[in-house]
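Participant: Residue numbers (the numbering used here), protein chains in the order written: chain A, 1 to 279; chain B, 1 to 666.
Simulated from the structure, these hints should not be mistaken for laboratory data. A hint or two may mislead.
Which residues of chain A face chain B? A few of them, derived with a C-beta cut under 10 Å, are [stated by the list, open to error]:
# : residue
1 : TYR78
2 : THR79
3 : LEU141
4 : GLU158
5 : ALA168
6 : LYS171
7 : GLN213
8 : ARG217
Don't be surprised by glycine CBs; every beta carbon is placed ideally from N, CA and C.
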Amino acid sequence: MNARIEDSALLAETAPVPAARRRIGEVILDVQNISLSFGGVKALTDISFNVREHEVRAIIGPNGAGKSSMLNCINGVYTPQQGSITFRGKTFKHMNSRQVAEMGVARTFQNLALFKGMSVLDNIMTGRNLKMKSGLLAQALRIGPAEREELRHREFVEHIIDFLEIQAHRKTPVGRLPYGLQKRVDLGRALAMEPQVLLLDEPMAGMNVEEKQDMSRFILDVNDEFGTTIVLIEHDMGVVMDISDRVVVLDYGKKIGDGTPDEVRGNEDVIRAYLGVEH
Amino acid sequence: MERQRSVKARAYIRAILNTQTHPTDTFPRLLAKHAAERPDAPAMREKDLGIWQTWRWQDCAREVREIACGLASLGFRPLDNLAIVGANRPRLYLAMAAAQSLRGVPVPLYQDAVAAEMVFMLDDAGIEFVIAEDQEQVDKLLECRESRPQLAHIIYDDPRGLRNYDQPGLLSFEALRQLGRQFDEQNPGYFDAAVQSVQPSDVGVILYTSGTTGRPKGVCQTHAGFIAAGRGGVETDRLGPGDNIMSYLPMAWVGDHLFSVAQWLVAGFTLNCPESAETVMNDMREIGPSYYFGPPRTFEGLLTAVSIRMEDAAAPKRWLYAKCMALAQRVGADILGGAPVSAKDRFLYKLGDLFIYGPLRNVLGMSRIRVAYTAGAAIGPDLFRFYRSIGVNLKQFYGQTETCAYVCLQQDGRVKLTSVGTAAPGMELKIADNGEVLVRGVSVLKEYYKRPEATAEVLDADGYFHTGDAGVLDSEGHLRIIDRAKDVGRMQGGAMFAPNYIENKLKFFPQIKEAVCFGNGRDEVCAAINIDYEAVGNWAERRGLPYGGYVDLAGKPEVLALIADCIAKVNADLAAEDGMADTQIARFLVLHKELDPDDDELTRTRKVRRGFIAEKYAVLVDALYGGKSEQFIETQVKFEDGRSGAVSATLKIVEARRFPAVRAAA
């Protein structure tokens, strides 16, 4: 019996320390008073919210509420007329997409932006584009250092393929995969950038229950294993409430709610926007 | 159980064991021998991150030592049982060897079992230590631990997703090996002494029966028994270090233990573990195994896939394929079996090999196959002939968990399509008066774990194991299995009713996935059919027949007509067989849902549980015999995520075409 007690003491020493538990940190991304309009149409009006490091932050709202526009502003696709975005202490009036990507923000798209004719492997490889240092010619001719670099990147991509459990489709052209898997490849491509912040635009749109469960698990795993901060837009309220730490609610381009899932669920304005009001 | 066996039986078994050339072999010693003799030869491979990683024999031996010492440092004692849950990963195989090295007993469990099923076995085997593959299994085991707190140590291989788990007793593989290295330093002689203490007569593994009949039972097999079974197969097929095998079937299944553990350690060939369950076909093409096992289902699936793709091919290709396959059907099996074939046919077959058979084998990943085996269920003669005719040396064997899956083997050159072969080396066969197959010899189980009364039921005083299968031995000693002995019933008219026999005939049609026949004690045979969604769906699409999902497709009049055709063919077959004419199928229906192990309708090895189905679908059975033309039914189903729902449909009952009995002309 004595031996057993000693053993468990030993066990405590060598077991993997669960202290690496995800901790929500400081504000990493701060959006201040953003307004965006297209001609006379006001897409976003005076929106402010922040995202903390390592958290899962959801943006929800009915159709046309301005969710994707918000993501596009953070992403540098749209330039807001007013307001500023602060990322890791640096404030920007506007940015271009490449700068944003170089700063460690990756995204997936609502309507998938993959190369349909290319294999899963190659698609995810494109996510490593920014990290490749060798020139076009060296890469084309696979000259010494370029080849070594490619092997290194390939190894990283293989980790992602393993992580997303798509080994069986490594060589399959993306266009031949079912929709749910294409979404996963899109996520893989974004992950290949080793982002600090991952923007997900409706990652579960058009999926069945099982695919949604898989996707939720992958999102939480990404957040958990890599510590990636996640900002996601999603329609499925069940999913949002389950996986996010804090939720922003938009309606007609205005922010009507912000807080933990429970707070948002009890917010009068949110209930009115989603369920309508009794007259 | 020794006392149950007579002196005569014991003398017989001893005589056989003495004829073995290596009477002191145990699994740990075999491993040590390979590591010493061929340290750099590849022992195992696993595809990881897209690349085949190799474990050499010395790597295996070192890792087994670390794992074993790690387990010992946690308090694993000799004769303790170690549960192993997960897919085929090298480390799980090494964990088995580690338990055996400590004179412990590995207990592999089916990885797709739900927690409630698993807890029964954990309890039965008194498990304190588990080696689990990943988060999925750990979650299940933690659930089991709520009702069974003795489960003290859970060691996992893949750490993904387990970072935030802080339950006590949870340990990663790396940490275990680290503990092992420390323990080994502090107790340098411990491991070697433990390996030396293992006796061939010790229990080497406990495998659970699938539970077709009642609760699963733990079958205790000795090192000597399994090694003898492995050696018999290895010698029959001349397997050796150069051979490669894919290990992709559940580790809890006796066949995998025979091929991937016993034969592996006896012959010293290379195990290849696939990257994931979905990539098996691809991985197989890359490895090109020389030795392969697949259940009939797998071979059937491959053939279905090939047929579907051929139907989509261009006309000239279809023509060439049809021509070549016709030739192969005629002479291919004979060429493989070494029977005389004319020079012209040999030449044509060579041409066919160049254009069709060779490339086809390549696509199937079977280019280098010397020996392929199938077992577990009856295989259709057509299917069997197809593989043999394209040059794949497919053979059958027969055995069960209680006999290390080692009773009969088809020998090269003496393959009969309908039989499972002759008695394997070291085995002896006898048919009891009621038709039951009795066997004794090297591979018969030692006992059921903690179930002396169950052991006494299956092992008689002469050392014969009662297989529970009904079979016939022909004049050359080939065994033909007809059915489960207890399933064989009588019709009201007195004719013998062998439901599996009829069901298997039905299942040989690609359109039929499962079939259940009723008829014991009744005047007619009726059947419930499960269509094969993929094959019938494809057939419907080709015909421009629209359907909205499984239930709709299963109820289409066209589909019913298609199935009626299949049944008419089976009836014609039965009419031509002696004593089977009365068991022709009178009526049938097509079920609205697939029979599923999650709904307890099939066992985990996908055998139908006839009794359960007859009870669950009692309304349908009554309707079949009550002369109704259709019947409404609503069924509860369990989804994969554990929730349940209901499926309902009105099923049509169709009269089948029957034939007058054909008397064989004198």
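Participant: All hints are to be evaluated individually against the structure, with a verdict given for each.
Facilitator: We went through each hint and held it up to the structure:
Interface hint at TYR78 (chain A): violated, since its Cβ lies 36 Å from the closest Cβ of chain B, which is beyond the 10 Å cut-off. At a threshold of 10 Å, the smallest CB-CB gap from THR79 (chain A) to chain B is about 39 Å, leaving the interface hint violated. Taking 10 Å as the C-beta contact cut-off toward chain B, the hint placing LEU141 (chain A) at the interface is violated, the least distance being around 24 Å. Given the 10 Å rule on beta carbons, the hint for GLU158 (chain A) holds: about 4 Å separates it from the nearest Cβ of chain B.
Proximity of ALA168 (chain A) to chain B holds as hinted, the smallest CB-CB distance being about 4 Å (cut-off 10 Å). With a cut of 10 Å, the hint placing LYS171 (chain A) at the interface with chain B holds, because the nearest CB-to-CB distance is about 8 Å. This hint holds: GLN213 (chain A) has a C-beta 6 Å from the nearest C-beta of chain B, less than the 10 Å allowed. Taking 10 Å as the C-beta cut-off, the interface hint given for ARG217 (chain A) holds, the closest approach to chain B being about 8 Å.
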